[in-house]
Amino acid sequence: DGGITQSPKYLFRKEGQNVTLSCEQNLNHDAMYWYRQDPGQGLRLIYYSQIVNDFQKGDIAEGYSVSREKKESFPLTVTSAQKNPTAFYLCASSYSSGDYNEQFFGPGTRLTVL
Amino acid sequence: GQQLNQSPQSMFIQEGEDVSMNCTSSSIFNTWLWYKQDPGEGPVLLIALYKAGELTSNGRLTAQFGITRKDSFLNISASIPSDVGIYFCAGRGRDNYGQNFVFGPGTRLSVLP
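Protein sequence lines, in the order shown, are assigned to chains A and B.
Letter 44 of the first sequence, counting from 1, is numbered 44 in our numbering, and no numbers are missing.
So the mapping is simple: our numbering equals the position in the second sequence, first residue as 1, plus 114.
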């Protein structure tokens, strides 16, 4: 089946530890995105990538890092520098060019910092 | 960054009733998307709109791209229990990258039997 997978579904981390969230897509999409969702708020863009080996900061990139070594994969690392990392993290992908480039989302990873 | 407003924030309706919600922006958008999110899951795309005035249906759902290009509307007819969830709008204008969507805070829908 074509789609976006995120793993793990739930993740627990101790303060001061880095943690990496996985995102894989087999939709042949060029662009991939990471969002953070907090209760009662809209999705906020962390990082996005329109092409392999290139990515840009979104609105809340501080304390996060990404890589885009393969078209299918866009892992997100939550570093110890992120002050309030407990949240629901969503990965999305879309075609990069053209007007009809809706974003499709993965199932999300809930990160809890203990 | 840009902000979208959605109203109402939440609504409680009886099963069988029709639902209307809207999304407004201070900026002009070229694309509007409507998503539904179930608890603990990722948003699922319901409807995409690309032209001002466009009216698009997906089953019992109908969405419209406002003619001012600063708003969009979603209607659900004859609601059923599985319509429960959070409905998000997302809009995109044209910036240097032409890619970034802005998301509203969502409308939480509860359907009473």
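These are calculated hints, taken from the structure and not from any lab test.
We treat Cβ as the ideally placed atom computed from N, Cα and C, and that holds for glycine.
Possibly wrong hints are sitting among the right ones.
As the list claims (entries may be wrong) - Simulated restraints, written as ranges between beta carbons of each label pair:
1) A/20 - B/121: 50 to 56 Å
2) B/227 - A/80: 43 to 49 Å
3) A/77 - B/167: 40 to 46 Å
4) A/51 - B/168: 25 to 31 Å
Hint by hint, which ones does this structure get wrong, listed from lowest number up? 1
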